[in-house]
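Please build the complete structure, drawing on both the sequences and the hints.
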Amino acid sequence: ASNTVEVKTPDLAQVGKVIDIATQTGANNIQALRFGLKDEETVKAQALREATTKAKAKAEAIASALGVRIVRVLMAEESGATVIPIQGRDFYAAREAASAPTPVEPGNIDVRANITLTFEVRP
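Going by our numbering, the sequence shown wraps up at 123, each residue one higher than the last.
Derived from the structure by calculation, the hints contain no laboratory data. Be careful, since some hints might not be right.
[As the list claims (entries may be wrong)] Derived lysine to aspartate or glutamate pairs resembling DMTMM-like cross-links, with alpha carbons at most 25 Å apart:
#: 1; residue 1: Lys44; residue 2: Glu105
#: 2; residue 1: Lys54; residue 2: Asp39
#: 3; residue 1: Lys8; residue 2: Glu41
#: 4; residue 1: Lys56; residue 2: Asp110
#: 5; residue 1: Lys54; residue 2: Glu78
#: 6; residue 1: Lys38; residue 2: Glu105
#: 7; residue 1: Lys54; residue 2: Glu40
#: 8; residue 1: Lys54; residue 2: Glu41
#: 9; residue 1: Lys58; residue 2: Asp110
Structure, rendered in structure tokens:
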């Protein structure tokens, strides 16, 4: 038999303690440690703004090299803004686990946005 428990905490400093308490009270397999963002939508919107700014700057550089100018945006198409969470390792604990706290290292969460812009250009 097995039991599954999901624990969420906004405090990264508590994650190691939660793992330690779980293993001290009988858990012997901790899986799917996952780190995400509290407000994904705000971060996705920022990624889309940055992707749009970069796409426009690239289009302006290309237009300049071609000797044309951008008149207006004809179409803007988003093909996704995604948050790629950090996947932690699984923990397998022995009952006589070491007294040192379980280390949990912070990392970066990737946020990616893709946008396609179509411009009208003129000489």
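Hint by hint, here is what the structure shows:
1. Lys44 to Glu105: holds (24 Å)
2. Lys54 to Asp39: With Cα atoms ~23 Å apart, Lys54 and Asp39 stay inside 25 Å; holds.
3. Lys8 to Glu41: holds (19 Å)
4. Lys56 to Asp110: Judged against 25 Å, a Cα distance of about 22 Å means the pair holds.
5. Lys54 to Glu78: Roughly 14 Å between the alpha carbons, so the hint for Lys54 and Glu78 holds.
6. Lys38 to Glu105: Status holds; Cα separation ~18 Å.
7. Lys54 to Glu40: holds (21 Å)
8. Lys54 to Glu41: Measuring from Cα to Cα gives roughly 20 Å; hence the hint holds.
9. Lys58 to Asp110: holds (22 Å)
In this structure, none of the earlier numbered hints is contradicted; all agree with it.
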